[in-house]
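Every position in the sequence shown, counted from 1, becomes a number in this note's numbering once 2 is added.
No lab work stands behind these hints, which were simulated from the structure alone.
Just so you know, not all the hints are guaranteed correct.
Calculated pairs, DSBU-like style, for lysine-lysine (alpha carbon to alpha carbon, straight line, at most 35 angstroms) [claimed, not checked]: (1) Lys-35 - Lys-58; (2) Lys-68 - Lys-35; (3) Lys-68 - Lys-58; (4) Lys-58 - Lys-15; (5) Lys-15 - Lys-35; (6) Lys-35 - Lys-66.
Restraint-style ranges between C-beta atoms, simulated for each label pair [said to hold, decoys possible]: (7) Glu-31 - Arg-55: 12 to 20 angstroms; (8) Arg-8 - Leu-42: 47 to 55 angstroms; (9) Leu-42 - Leu-6: 18 to 26 angstroms.
Every residue gets a Cβ at the ideal spot worked out from N, C-alpha and C, and that includes glycine.
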Amino acid sequence: MDALRRSSRISRKYRIRNVTLRQQIGLEETIIKEIEQNQLTWYGHVQGMAEERLPKIALKWMPKQKSRVARYVHSVENVACLRQATFSTLCTHLAT
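Produce the complete structure using the sequences and hints provided.
Structure (structure tokens):
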């Protein structure tokens, strides 16, 4: 929208909405529609390429598997020690 505002010499200071500005200029499409159209054009262009071309390979690439998130597995002993330490700490604070 900044390019349209500059070309029509209308600043944000005038508080004119983008929809109104597009109507004044006579532009029916939004920038989102234009970007989507360009993406579809590019997609069609890449689909027409040979299979060994890098853009087509990159477009078809899919990761083999999700990366695993490392997690600390609590053993039964660790959980029991943690609970005991928490309980004894709580008892100590309550006693004082």
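- Query: Any of the earlier hints contradicted here, and which numbers?
  - Reply: 4, 7 and 8
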